[in-house]
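J.: Take a look at the letters that make up each chain.
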Amino acid sequence: GGSMHYFDPTKNYWGGHGIVGGQIPLGVGLAYGVKYQGHKGAAMAFMGDGAVNQGAVHEAYNLASLWQLPVIFVIENNGYSMGTSQGRSSAGALAKRAEGYDMAWGTCDGHDVYEVRATMDKFLTLAREESKPAVIEIRTYRYRGHSVADPDNTYRSKQEIEEYRRTKDPIQVFQNRLVAEGVLTEALIEKIDTEARAEADAAVEFSEASPFPTPADIQKDVYWETDNPSERKSEGRLFFD
Amino acid sequence: MPVFTYREAIRHALAEELTRDKNVVVLGEEVAQFNGAYKVTEGLLAKFGPSRIVDTPISEAGFIGMGIGASMLGVRPVMELMFWSFYSVAFDQILNNAANVRYMSGGQINCPIVIRGPANGGTNVGATHSHTPENVLANHPGVKVVVPATAYDAKGLLKSAIRDNDPVFFLENTMLYGEKGEIPEEEYLIPLGKADVKRQGTDLTIVTYGRCVLHSLAAAEVLEKEHEVSVEVVDLRSIRPLDIDTVLASVAKTHRVLIVEEQKPFASVGSQLAYMIQREAFDELDGPIHRIATIDAPAIYSPPVETEQLPNPQRVIKAALAAVA
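Residue numbers (the numbering used here), protein chains in the order written: chain A, 118 to 358; chain B, 31 to 355.
One or more hints might be untrue.
[Stated by the list, open to error] Pairs of lysine to any residue residues, derived as SDA-like cross-links and limited to a Cα-Cα distance of at most 25 Å, are as follows:
#, chain 1, residue 1, chain 2, residue 2
1, A, K152, B, K255
2, B, K255, B, P221
3, A, K350, B, G208
4, A, K308, A, R283
5, B, K52, A, T127
6, A, K157, B, P221
7, A, K350, B, E215
8, A, K350, A, K308
[Unchecked claim] A short, non-exhaustive set of chain A residues, derived as facing chain B with CB atoms under 7 Å:
#, residue
9, F124
10, P126
11, Y153
12, A173
13, E176
14, D286
15, I288
16, V290
17, I335
18, D338
19, V339
20, L355
21, D358
[Said to hold, decoys possible] Chain A stretches covered by chain B per the calculated footprint, using a threshold of three residues with CB under 8 Å from any CB of chain B:
#, region
22, 134-142
23, 177-188
24, 348-354
Bear in mind the hints are in silico, worked out from the structure with no lab data behind them. Computed from a predicted model, the values in this text were never measured in an experiment. C-beta atoms are modelled at their ideal positions from N, C-alpha and C, and glycine is treated no differently.
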C-alpha cells in the first residue's frame, strides 16, 4: 500500500514502513540520534492499537525508558486492528502499559483538537526539556475498512459508524465549536471546504497524471552506492540474475 | 611486520574508526563493562567512554532497530550480535527495515549501519548458536555481506564496512578470533566485494570464504605434497557484493571447481556460486562443480561429531580428489 511508502526526511518525516510495530524501534533510534548528536528535539513514533502487542514495541519502550530518550509513542486507537476489536486483541488498558516501563503516559480524545494539542504539548515538553519518553493513546475512529480488501460488514455495525460520525467527527466538532465562538461563519466554512476539495482534487490529478515507473527503475534506490556510482568504493557484483 | 590476532585486528579497526569519526558508536550486549563476550571490544569503554561504547539489554529487535533508526539520522552504529544466530529475533529489523528503507523511501534515506559478530559452528554451542546466515542475509538486495578469514582482511574490511553508506553485515568466527596474522602499522582499507587468491594453483580451484579458507589452505598443502594436485584457493571475503570475475578467472585457469563452505547445503552461497559458474564458464569446465558444506542437520552437540559435520581439511582433501579424478 501507498501509506507504507510515504517518506519525507526534509520535513523530519521518517516514514510509513510496512510491518505493524516494526517502525517503533526506528523511532527510538531517531530519538537516540537526536540525543547523541546533541540536537534539541524529540521523536514521535506512531502506531495503531493493533501494534501494541508486538514484541518490538515493548523492546522499544524498555530502551526508551532505560536510556531516557526523547521519544513519544503515540497509539492511535481506532478500536480495531483490521477486523479485530480492541477487546478481542489486547488485555488491559493500552497506554497504561507504560507504567511497567516506568514511563509517563496519557490519553486524550482524538475528536477534540484542543485536548490533543494540550496532551501532545505536555509530553513533548517533557521529552524536549527533560529527555523523558512517554506513551500517549489517542482515542479515535475510522469510517472506512482497514484496506481495500476489507468489506467492512462483518465486525461492526453501520449504526456504530453513523453514531461516531454524528457525535464525534473531529472536523465537525471543531467546526461547531468555532461557529459557537463566532470565529467561523457559514460563508467561511463554504470557502474552506471548497479550497480543501480543490487541493485534494489537484493532488489526485497530479497522481493520476504522474507516469508509472518503468522496469528500468526496478533496481534504483536499492543501494546508496549504485545510486552514487562516482562515489562507489566497493567492487564486484551487487545485483544478480 | 607486527603480528596480531583476528580479535585484535577487529578491535583496532573499531578503535581507529571511533577515533576518526565521532558518529561511530559501538553498541551491543556486554560490549562495554564486560569488555565483550568474546573480548573483541576489550578496552574500548576505557578509551572512548560510555557514550561511544554502549551496553544494551538482551533485546536484539529493540537495539538493532534503534541502531537502524539512528543510522537514518547519520549516526554510524556498529552493532555487535553476541552470536549472529540471534539475528532471528531481530529479523524484521534487519531485513525489512535496514534492507528496505532506502527502496521504500525512494532513495531519500540510507542506512549506514554495521552489524557484526560471530557466525560459525565448531565450538560445541549447539544448534541454536551455530547458524551461518550469510546466504539468508545476502538474499536481500540492499545489504552487503562480508565474511573475513584472516586478521589482515578482518581489519581492512571492517574499516571499509564502517565507512560504507549501505547496511553491512559482518560475519566473524569464534574459531578465528585467536588466529594470528601480519598487520601493517600504516592504515589500510580493503574494498568490499574484492576476492583474494590466497594460494596459486593449476589443477583445481577451491572457492571458499571464512574459516573454510584455512581448511582449504591446509588441504591444499597435503594435496600438493601427497597427491601432486596443485590447488588454487580463492577467498571471496565478501558475499555481496560478489567478485565473480576473480572466480571465473581462476576457473579458466584450472577448469575444475570445488566449493567449500560452512553452510547448510540447501540454497547456500555455494548453490548460487555453482549456478553462476556453470552459467558464465560452462565451456571452461572439465567436470561437474563439486561442493562440500556442513552435513545437512542442525549443529550436533557432540564435540567430536561436530568436527565431522563441519568442513575440515580431511573432507576437503577427499572432495578435491573426487573433483580432479
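J.: All the hints need checking, so say for each whether the structure fits it.
T.: Here is what the structure says about each hint:
Proposed proximity of K152 (chain A) and K255 (chain B) is contradicted: the alpha carbons are some 61 Å apart, above 25 Å. For the hint pairing K255 (chain B) with P221 (chain B), the CA-to-CA distance comes to about 34 Å; that exceeds 25 Å, so the pair is violated. For the hint linking K350 (chain A) to G208 (chain B), the alpha-carbon distance of about 30 Å lies beyond 25 Å, and the restraint is violated. Of the supplied pair hints, the one linking K308 (chain A) and R283 (chain A) holds, its CA atoms being roughly 22 Å apart against a limit of 25 Å.
In summary, the hint linking K52 (chain B) to T127 (chain A) is supported, as the alpha carbons are separated by about 23 Å, within the 25 Å threshold. Our distance criterion of 25 Å between C-alpha atoms is broken by K157 (chain A) and P221 (chain B), whose separation comes to about 37 Å. A threshold of 25 Å between alpha carbons decides the hint, and for K350 (chain A) with E215 (chain B) the separation of about 22 Å falls inside it, so the pair holds. Restraint check: the Cα-Cα separation between K350 (chain A) and K308 (chain A) comes to about 56 Å, which exceeds 25 Å; the hinted pair is violated.
The criterion of a C-beta within 7 Å of any C-beta in chain B is met by F124 (chain A), whose closest approach is roughly 4 Å, and the hint holds. About 5 Å separates the beta-carbon of P126 (chain A) from the nearest beta-carbon of chain B, less than 7 Å, and the hint is met. At its closest, the beta carbon of Y153 (chain A) sits 6 Å from a beta carbon of chain B; the interface hint therefore holds under the 7 Å criterion. With a cut of 7 Å, the hint placing A173 (chain A) at the interface with chain B holds, because the nearest CB-to-CB distance is about 5 Å.
Below 7 Å, beta-carbon pairs count as interface contacts, and E176 (chain A) has one with chain B at about 3 Å; its hint therefore holds. Evaluation of the D286 (chain A) hint against chain B yields a violated restraint, the C-beta minimum of about 32 Å exceeding 7 Å. Nearest Cβ of chain B to the Cβ of I288 (chain A): about 30 Å, over the 7 Å cut. The hint is violated. Because the smallest distance between the Cβ of V290 (chain A) and any Cβ of chain B comes to about 35 Å, over 7 Å, the interface hint for this residue is violated.
Interface restraint check: I335 (chain A) against chain B, minimum CB-CB distance 10 Å, threshold 7 Å, status violated. Hint on D338 (chain A) holds. Least Cβ distance to chain B is approximately 4 Å, under the 7 Å limit. Among the interface hints, the one on V339 (chain A) holds; its C-beta lies about 5 Å from the nearest C-beta in chain B, closer than the 7 Å criterion. This hint holds: L355 (chain A) has a C-beta 5 Å from the nearest C-beta of chain B, less than the 7 Å allowed.
With its C-beta approaching chain B no nearer than about 9 Å, D358 (chain A) sits outside the 7 Å limit, and its interface hint is violated. Check on the region 134-142 of chain A: 7 of its residues sit with their Cβ under 8 Å from a Cβ of chain B, so the three-residue criterion for coverage holds. Here's how the region 177-188 of chain A fares: 4 of its residues keep a CB closer than 8 Å to some CB of chain B, so the rule of at least three is met and the hint holds. A count of 5 residues in the region 348-354 of chain A with a Cβ less than 8 Å from any Cβ of chain B is obtained; the coverage claim is therefore met, three being the minimum.
Taken one by one, the earlier hints fail for this structure at numbers 1, 2, 3, 6, 8, 14, 15, 16, 17 and 21, listed in ascending order.
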